[in-house]
Every structure is written in structure tokens, then in C-alpha cells.
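Here is what each chain is made of, one letter per residue.
There are 2 protein chains.
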Amino acid sequence: MKVVIIGGVAAGPKVGSRIYRLCAEADVTLIEKGKFLSYAGCGLPYYVSGVVSDQKELMSTPIGVVRDSVFFQNVKNMKVLNRTEAIKVDREKKLVVMKKVDSQEQEEIIYDKLVLATGATPIIPPVDGIKLKNIFTLQSLEDSEGIKTALLEDKANDVVIIGGGLIGIEMTEALVEKGCRVTIVERLPQILPILDWELAYQVNQHLEAKGVKVRTSTTVTAFRGKDKVESVVTDKMEIPCDFVVLSVGVKPNVILAKDAGLEIGVTGGVKVNQKMQTSDPDIFAAGDCVESINLVTHEPCFIPLGSTANKQGRVAANNICGIKDIFSGVLGSTVCKVFDFNVARTGLGEHQACKSGFDVVTVLSPAPDKAHFYPGAKLIILKLIADKNTRQLLGVQAVGPGDADKRVDAAAVAITAKMTVDVIANLDLCYAPPYSPAMDNLITAANIVRNRMDGICTAITPMQVKEKIDRGDDFVFLDVRSPGEYEIVHIENTVLIPLGKLRNSLSEIPQNKEIITFCKISLRGYEAALILKAAGVTNVKVMDGGILAWPYAKQVKK
Amino acid sequence: MKVVIIGGVAAGPKVGSRIYRLCAEADVTLIEKGKFLSYAGCGLPYYVSGVVSDQKELMSTPIGVVRDSVFFQNVKNMKVLNRTEAIKVDREKKLVVMKKVDSQEQEEIIYDKLVLATGATPIIPPVDGIKLKNIFTLQSLEDSEGIKTALLEDKANDVVIIGGGLIGIEMTEALVEKGCRVTIVERLPQILPILDWELAYQVNQHLEAKGVKVRTSTTVTAFRGKDKVESVVTDKMEIPCDFVVLSVGVKPNVILAKDAGLEIGVTGGVKVNQKMQTSDPDIFAAGDCVESINLVTHEPCFIPLGSTANKQGRVAANNICGIKDIFSGVLGSTVCKVFDFNVARTGLGEHQACKSGFDVVTVLSPAPDKAHFYPGAKLIILKLIADKNTRQLLGVQAVGPGDADKRVDAAAVAITAKMTVDVIANLDLCYAPPYSPAMDNLITAANIVRNRMDGICTAITPMQVKEKIDRGDDFVFLDVRSPGEYEIVHIENTVLIPLGKLRNSLSEIPQNKEIITFCKISLRGYEAALILKAAGVTNVKVMDGGILAWPYAKQVKK
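As they're listed, the protein sequences go chains E and G.
Position one of the first sequence corresponds to residue 1 (this note's numbering), numbered consecutively onward.
Position one of the second sequence corresponds to residue 1 (this note's numbering), numbered consecutively onward.
Worth flagging that the hints you see were computed from the coordinates, not collected in a lab.
Incorrect hints may appear among the rest.
Any copy, or any two copies together, can satisfy a pair, since identical chains are not distinguished.
Quick list of in silico lysine-lysine cross-link-like pairs, BS3-like style, CA-CA up to 27 Å [said to hold, decoys possible]:
| no. | residue 1 | residue 2 |
| --- | --- | --- |
| 1 | K56 | K418 |
| 2 | K79 | K155 |
| 3 | K99 | K468 |
| 4 | K324 | K533 |
| 5 | K324 | K133 |
| 6 | K418 | K388 |
| 7 | K388 | K275 |
| 8 | K554 | K513 |
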């Protein structure tokens, strides 16, 4: 069996390695346009920052062997043609036409099975001045070398990152650590569109606390400069800079597939079935060039990630070798380090869930990630998105200095299994004080969702409260924390009655006004609402997530 | 509705708090024999070590309010009778007879619903000298104060911990941190029976590296001393000591339940249904006094844990208030910090799975917990236990300095959902270099299990290899790592042929002998086996987990 693989970064080498393990006699050839093979693209921001010191580490196996052509030949029995571009697939003759990048020589290669692992390419917006020097993307080792050179030779200091998505945020941290002054320019009203607004805003504030300027709802209109870029022009301001990182997204590389007449999905990625087979059963595709299925909505999506590429590569290889295997889809699980914050999410966001027709219930639940008495316990704010009809969990987001990825990974498994919040609330997760509260954050949040669904607690989101304030609605905004907590930080125009004193202060509460209670995380706010209801106050709501999740201005003790 | 709750540590207060939230008009009384209420028993080892500095922190809410009788009355509307012992339940009259611990006065209290949250008590072995001073258990705040006093006043230095279970191990770390010389005496052949032997042995070695003496298969026969304990006598040796911590397990407190004629389960715990109802529908029970159901085997089990107590308390309260809720059972999920190691497990161990009749396939998979090129990536050894017939995951254990609990929590969700290893292998878990490898450790381990089940890789456990060596079997024990790795650490009587040179060294390999390959983690070992098979060697096996999981003597470079 002759297998030809096009693309040598993540999915391609995975397919080849797995085929060799299943079918040692297969004749596998891998074609890669670039010089480097099988490097960890996700590690590039850490190479730029110096956290990873040597380029070779990104191209090595865990025991330090560089994955070059010789390695693949000797260890994986795979022929590697690098600096070789596949330019045409002839499906009738079952051959690939390829061209040496250096000599421009053309050659043909026959296949029984072909694998497209052509990846994705950064989107370059068609803006004036885009060809100026020192405008980088972050796709290849060459890109990261370019940025490192700019930092070193040009002593570049002022950087504009265009696009506040994952790569933009990772690059922000990397460049701040190199001593740069960074401005993020984002066209949308928020950074990190993988998060709902109120959590993205927590990250925004953390970035600003680290000295990063974040400019949302701002569109780049041009780049100015003589030879090198000198400023970024936007619809709102002009920002002087030494260099620019473009991270406005990637698009799947599908030209070969399209030219060969293979079906392309609605998201622009190559359409594949669960076996990772394209519309031609002898051609498979995997990694950043393919369209996936969202496991919750069953709708097509395009979420290119190294983790997905590896899994898809393995599934493709299994099916090529006659072992039945399926890749069902993705949840868009993502994690990202942002200075001292961990940011993670899986499943559907609130907006996405509403758009998909679910009867959405959400909860904001801030809590320490360990037993609260254990030193080093750190805050995470969890947001759960669930469906009232089926009671199934649809999505989880987590932001904060605490251990966010653990809760989101557990949630990803639960969403895959279509678990209800009732089952999640009684999951047997590991507990010991150095690792989690006795009721894990995910379990507590699931219980709050259940309370909401069952009408045990009437909640209002911070965004709804802010709207009321802005509209000038007449209501009592009741803070039930202690005076000491209030002094450290509070929200303007709130009334302070500590929970322990509420029973004896009921006369101060107007019976016929709307009352919105909160505390640090809104557990005491919830208990306050119960006391008020028992005392005959009818219109009481608890503000979701308390002051910790309040994403607007706070009065902080100086 | 009059609700009486007996027991004020974990499950009891949870029941009371939840009832108040659901049904503010309920009349709730909580009876507690001790002085202290609602304290975090799991935090006691950290209070002894000084990691948690103030006793009050263990009795406080996350915002620092001490949960005393006044707190429960004011905030939870719950009447608390502490230093009050329930001595009899009269089910016909629906009343509890109780006695003040100080005055010995008796009183009766009527109930509509009764909740038994009587907890568990440390087992005290009936051994000569057990009444000597300075023999402690670790159940209550008073116990930990006793230990702290012994440390302070007696300047105690030499400690014997009897029982190498969770509490014994946590206390070991606490006391070593206080400067003590600790010896653990364990009756069984291994410490931490929640783990399979080869992983428990990794923890054993780590303890010894920290200066702890571990004496397994050793039974205590007496304590010697005049007033205070001066030595522990065992069947093998006598160990001088300044004090002793007894941690040989706990037994459920069921005397009240038994005397009242309630059904007791086979494990000795109070038998309850999924609503946490005892054999009397008006009496509920929750926490350390009840028997649970193992979610994998559906057999009864007794696994007292604070996390379970909280969940069961909530379920009991919901059902008391007419909200349908069920507690299905537990997986025995556990996590424990042992110096620099994280130890976690869920589901069935290998032995337990075999005994329960599953067709067991296991895998040892050591790997870094983050992208291998990311600084601070640390090793974890995962063991997966799965069923060949259903392909379902049955249990997971993880040991090492890396992030173990995250993988075990995800596995706990997967086991609850009865997921197959095939589904687990394609889970969309969060990936970024600071958090996990591109293929998460759990996913890689699931893929190795699949390879085993599908006959793609023939494996042999380190224990089976050791048996072969001890029997004097004739086989080639082939290390395919690099000479540099070999020099640092190797196993005796192995042959070294680095993987990259194997194709050219096939003449050195006898074709008709059994060959057992391995490397650091046995991925290269697996590739070596493929090369050998392709070269016509028929009897090749890969040693599970490589040298990292080899739990026997190794030759280390001095």
C-alpha cells in the first residue's frame, strides 16, 4: 500500500507514524513545503518569550531526539520530502504532482491512499501598508525567528497586536515578558470571543493591570511607515509602533482539495466524514484544514487546534489500515495562560447556546479552587451554561488565577456524555484540601444551576443589574457582606447590611420595592434573600456571582 | 415540620443548611456530642503541620465567619445543641433521647424527620499498652491539639504511624515537616491500599527518599512504656518512639441506628436507599456512618469522605423537603499529597476489577503532564484498568510530581458515564503547552489500552518481567534508549541497542529467543518491537511503562 501524506507539521506526521505501527510494510511518503517537520506550533509564543530557550526543543521528541527526515526514515520508516510543494492532485490517475521549492523541479508520485494535512494559514487583512517590514504573523518557526530578530536588532519596544484571540493574547504575554509595551487592537467589542463578555472582561482587566492597552471595537484601516512599519492607523486612533503581530485568525488551506473537486464544507474547511474521509474515499484529511462537527449542536465548525489534529490523524491512519475508528467531533475546549490567569472553556457559550435554540440557564460561580483554609487557594470564576428542558450541561467557562483547566476538562467529559446538572452535582471527584473544596467548584456551580432551574433561587445577572442602574430603576441594591469587606471594595450606591444583622434590621428594608442582594460570591446574598422572603418581602433577587464577578467599576480602598 | 439532625461535623450541618434554604419554616435542631461544629476534619493534618495556622480557619466559612451555634442560629435558623449526646431513638414515639455531656441531664426531642449523621470513629486495635499516653488518633480537633502539645512540650522527635492509609500518609508529611523522624508500620504488604502495588511502591520510594522509614507486612503486637508510650513492638522489631499516631481505619458509628432496629449493611454502615433514606422512611442518614454503592460494581462499599458527606447531606435534605434527588453511589475517587508527589485514583483497582469478574486490560503510562518542551513539565505515571468485553474504563490511578488529580477527575466523569476507551481517546480536553501535552496523558493511556485490546501491541508488566528474571527464564531484556540515558540509570542484565541503530543491528538479536523491549516510557520500546517483528522475530513483548514505571532496583549513576 502506497500512502502519500501532504503536510508535515502535526496531523501529517501522526498519520504516518500510526500507519507504520499498524502496517509496517506500507510505503509512506510525506511531502512538506517548509524546511521543518513536526514542530509544536503551539509552543511558538513560548519560544518568542524565551520560556522555551531552543528552537530544537519544539521539534524534538520528549527524550530530545530531533524529528528530522533522518529520524522519520530510521524510526518511522517514512520517506520525507521537505521543501517540496504538492501542486496538484490527479484523482483519476491517483497521483500527486509536486515541485521542489529550491530547484522548481516537478515530479509525480502515485498513491493508493492520500492524506491531506495541509493546515491553515494566517489571514492577512487587505489593508494599506500590509507589505511593510516588521508586520509578522505567528505560524512558522521562521515567523518567530523574525520577531526575535526585531526584538534583538531593532531593540523594538512598542508592539501592536492585531486580534485579541488566543494567539494574540499568548503573544501579548510573551512580548510583555520581553519588555515590550503592547497594545491589543480588536475589531469586536471584546477580546477572546471564545468567552462570554463578562468573563472576557475579567481577562481584559487583568491584561490592563499588567500594563497592556486593550482597544476593543477598533478596526485597523492602514499601516504607515517607510520601510518598516511605524504606526497602525485605526478608525479611532493612530498607534506608533516598532512592530506588529497579526493574529486575526487563520483560514484552512484547501486549494489542493478544491482544485481536485473534493467537497468543501460551509465553514471553508475540507468536508470529511467520521472516518476523516473526504468525498473521495481514497483521500483522507486531518488537522487544521478540515471542518469539524460541534458535539453539542451537531453543526459544522472550524476550530483548528493541535490536539484535535493529532487525534484526527490517528483516526485517519486507523481507517486507512482497516481498523474501524471514528472522530465524532469537538467541543471547542480551549485553555490559555494570560499572565497570572488561567482561562479555559468548553462546549457552547451563552450566546451560541441561545442562537442554537436551547432554553438557556446560566450561573456565575466564583470560589477558591482549593479548601478555603488551605494556603495558596486561588479564585476561579466559573460560568455554567445549561439547558432547562433536558437539564444537560451545554458549556463551561473558567477564568482566574486558580486551577481552571481541571474543572473545564471534567466538564468537557460530562458534556460529551450529555450529563445533566443533576448527575454532575453528585459526581465523585477527588477531594483533599490541597486540591479542591469539599464540594468541588464544578459541583457547587451545578447545584446553583439546579436551584435556578427549580425556581429555588431567583437570580439576576450583573449585566441586567447594570442595565437597571443605567435606566435609573428604583430598587435596593443590598450588600450583605461585613463592614471590613465593604471598606476594601464595594459597588457604588449599594446599601450595606451584614447578613448576621439582617434579621434584626428588617424594618430598614422597604417591603414593596425590588431588592437585589449580593455578597462576595452571592452565597450570603442567597441566604439574605431567603431571610427577606420569609419576612414577607416578595420581590427579591440574588445577583449572580457577587462582587467578585461584577465586571464593572468598583470603589477600591486606596 | 420538625427535623432533628444527630451529628454536627459535615453531613449534619449540610442537611440543616439546605433544609433552611428550601423550607425556611422548618424547625431544625442539630445535636452534637462534641464542642465544635462543622469543622474541616480533612484539614487536621495541615493544622498539625502548621500549613493551616489557626484552628479557627478549619471552622470558618470561606469569608472567615466561625460556624458556631450563634452563626447557625442567626444565619441558618437552626437550633444547635452541642456537648449533647443522642442516646436513644424511639421510632414509635418519633423522639430522640439525649443527654448533656457536662450535666448528664436527659431530655427528649420530638421529630417528624430524623437525620443520622453520626460519622465514624477511628479503630483502636486491642493491643497491650494501648492506653498509654501519647498514642493519638486523628479524628477531632482535640486529637490534633494533643499531637501539637506532644510536639511542643515533650519535644517529641520519633514518631510511629500505625497504618499506611490516607490519613497515615498525610500525617507522615505533616510530622516530617515538624522535624520528626517518622516510621510507618503497615500490616499489609504495601502502603496506600487504594493503589495497586506498583504505584503504591512508587509512593513508598518517594517516602523513603524523604527520610521516612516504611515497614510493610509488619504487625503491631504491643506498646511499651511507663506512663507515656516509649516503643512500638511488632512481629519483626521493636521501634522506640516519643509518640504514636494510630490510623488503621475508621468504623461507622451505627449504635443508635442498630439499637433502633434500622437495617445495617454488609460493610457495617447504615443501609440507605438512593434518597438517603434508612429502612425507616422517616429516618435519613448521610456521611461517614452510611454504606455506599460502588458505581462500577454496584456492590456495597464503605468509603467515608468529606466530599461524599456533603453531597449525601444535600440529597437527604432535598428529599426531606419533597424535592426528588438521588445519590447513586461513589467511585472511591481520592487524592492525596505526599511531599512532592500527587497521588490520585478513581474506580476499580486491578485486583478489585479481576475479583469482580471483569476481563481486565491494564496499562502503565508515564509521561510529562505538560508539553514536554514547556519548563516545569513534571512526570505522572498513569495506570488504566479497563474491561476487554465492554471496552469500558473501570479505574484510573495516577502518581508522581505532575498534575495527577486533573486526569483522575476527568476519568471519574468518564467512568460514571460508562465511556469506552475508544470515546475517551477522542475526548476534546483542553490543550496548551503550559497545561498538557497535545495528546493529554489520559488520551494517550486510553490509546495504549486500545492497542492492547486490539492485539496491536503485546505487552508484559514489570511484575511479570521480574518473575521471569527471578525464575531464571532465558530471554533478551532489550533497552532501546540512548547510551547517555543508560549511563544515568539502567536495569541490570539488560542489552542496550538504541532505537536509531536497531535496524542495522538486527544480526545481534537472536531470532528464536523471547525479546522484551523497553525504553524510558516504552514508546520507543514499542517501535523497537515493530522493527523486530518486521525483521521476522516472532516472540517480542513490550514492557509496560518503561524504566520510569519499573518498581524494582535500578543502577543509578553515582
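Consistency of the hints with the structure:
1. Taking identical chains as interchangeable, the C-alpha atoms of K56 and K418 are never at most 27 Å apart, the minima being 42 Å within one chain and 41 Å between chains.
2. Taking the shortest alpha-carbon separations for K79 and K155, neither the intra-copy value of 42 Å nor the inter-copy value of 69 Å comes in at or below 27 Å.
3. In this assembly of identical chains, K99 and K468 lie within 27 Å of each other by CA distance neither inside one copy nor across copies; the values are 64 Å within and 55 Å between.
4. In this assembly of identical chains, the alpha carbons of K324 and K533 lie at most 27 Å apart only when taken from different copies (23 Å versus 59 Å within one copy).
5. Taking the closest pair of Cα atoms, K324 and K133 never come within 27 Å of each other, the shortest separation being 49 Å inside a single copy and 66 Å across copies.
6. For a Cα distance limit of 27 Å, the shortest separation of K418 from K388 qualifies both inside one copy, at 13 Å, and across copies, at 24 Å.
7. In the homo-oligomer, the alpha carbons of K388 and K275 lie at most 27 Å apart only across protomers (23 Å), although the nearest pairing inside one protomer, at 33 Å, exceeds that limit.
8. Proximity of K554 to K513 under the C-alpha cut-off of 27 Å is restricted to the intra-copy arrangement: shortest distance 24 Å within a copy versus 75 Å between copies.
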